[in-house]
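K.L.:
Take a look at the letters that make up each chain.
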Amino acid sequence: AQSVTQLDSQVPVFEEAPVELRCNYSSSVSVYLFWYVQYPNQGLQLLLKYLSGSTLVESINGFEAEFNKSQTSFHLRKPSVHISDTAEYFCAVSFNSGNTPLVFGKGTRLSVIA
Amino acid sequence: GAVVSQHPSRVICKSGTSVKIECRSLDFQATTMFWYRQFPKQSLMLMATSNEGSKATYEQGVEKDKFLINHASLTLSTLTVTSAHPEDSSFYICSAPTYRVANYGYTFGSGTRLTVV
Numbered sequence: 009a010q011s012v013t014q015l016d017s018q019v020p021v022f023e024e025a026p027v028e029l030r031c032n033y034s035s036s037v038s039v040y041l042f043w044y045v046q047y048p049n050q051g052l053q054l055l056l057k058y059l060s061g062s063t064l065v066e067s068i069n070g071f072e073a074e075f076n077k078s079q080t081s082f083h084l085r086k087p088s089v090h091i092s093d094t095a096e097y098f099c100a101v102s103f104n105s106g107n108t109p110l111v112f113g114k115g116t117r118l119s120v121i122a
Numbered sequence: 274g275a276v277v278s279q280h281p282s283r284v285i286c287k288s289g290t291s292v293k294i295e296c297r298s299l300d301f302q303a304t305t306m307f308w309y310r311q312f313p314k315q316s317l318m319l320m321a322t323s324n325e326g327s328k329a330t331y332e333q334g335v336e337k338d339k340f341l342i343n344h345a346s347l348t349l350s351t352l353t354v355t356s357a358h359p360e361d362s363s364f365y366i367c368s369a370p371t372y373r374v375a376n377y378g379y380t381f382g383s384g385t386r387l388t389v390v
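Keeping their order, the protein sequence lines are chains A and B. Each residue of the first sequence is one higher than the last, beginning at 9 in this note's numbering. Each residue of the second sequence is one higher than the last, beginning at 274 in this note's numbering.
Simulated from the structure, these hints should not be mistaken for lab results. Beta carbons: idealized from backbone N, C-alpha and C, even for Gly. Check the hints yourself; a few may be wrong.
[As the list claims (entries may be wrong)] Selected chain A positions facing chain B (Cβ under 10 Å, derived; list incomplete):
1. Gln10
2. Phe22
3. Val37
4. Tyr44
5. Asn49
6. Gln50
7. Gly51
8. Leu52
9. Ser78
10. Glu96
11. Lys114
Please put together the full structure from these sequences, using the hints given.
P.N.:
This is how it looks when you write it as structure tokens:
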């Protein structure tokens, strides 16, 4: 079965500390991988995505994620977090083709503590 | 580019009434629209997939007679919650794939917070 797992439901971290949000997937077909961020009562904003090529992808606000095919993972990292990074983060996977819906993990609540 | 506009952003309705949520693709033709529901502090769950000009495909457990989806044009998909009840209160989000018009990906509406009282 195809699925996405975010093991950590909540991650508290102090400001300026590094953080890693974990995402693993299960699939028998090729995948495209995404990370989205959601602020309270808002829609989803794309952070970054992996389609092909370099396995390390970066966002404009300092986040990065690395696609690891052997471990079927796409963990999200940031070397130094800010208060404004407090939000819900969703890992999502597209299986097969461009016209199939995204499958979302359960989300990880990142809380940055001053 | 590839923007989906979703309205209303918030709606409060009385139990037993119907509510329509619209998602419009502003600068591209969305032949497919995915509809998700998100309960508080939970993930997005796919409800149905609509394709322009054909009947929507519903996920298991989603009542098609309760959640009516119409995709009559290439720029508009609607979700109507019929005879709404408090348990239908949720955050509804639409999403369209953008591989036809941009790099592979998906664009999302800003969501609709439905509260049934």
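K.L.:
Hints first: check each against the structure and report whether it holds.
P.N.:
The hints, checked one at a time:
Because the smallest distance between the Cβ of Gln10(A) and any Cβ of chain B comes to about 12 Å, over 10 Å, the interface hint for this residue is violated. Look at Phe22(A): its Cβ only gets to about 23 Å from chain B, farther than 10 Å, so that hint breaks. Of the supplied interface hints, the one on Val37(A) is violated, with its beta-carbon coming no nearer than about 15 Å to a beta-carbon of chain B, more than 10 Å. Hint status for Tyr44(A): holds, given a least beta-carbon distance of 8 Å to chain B, under 10 Å.
Nearest Cβ of chain B to the Cβ of Asn49(A): about 6 Å, under the 10 Å cut. The hint holds. The interface hint given for Gln50(A) is met, as the beta carbon of that residue sits about 7 Å from the closest beta carbon of chain B, less than 10 Å. Interface restraint check for Gly51(A): the shortest CB-CB distance to chain B comes to about 4 Å, inside 10 Å, so the restraint holds. With a cut of 10 Å, the hint placing Leu52(A) at the interface with chain B holds, because the nearest CB-to-CB distance is about 5 Å.
Interface restraint check: Ser78(A) against chain B, minimum CB-CB distance 23 Å, threshold 10 Å, status violated. Because the smallest distance between the Cβ of Glu96(A) and any Cβ of chain B comes to about 8 Å, under 10 Å, the interface hint for this residue holds. The restraint placing Lys114(A) at the interface with chain B holds, with a minimum CB-CB distance near 5 Å, inside the 10 Å limit.
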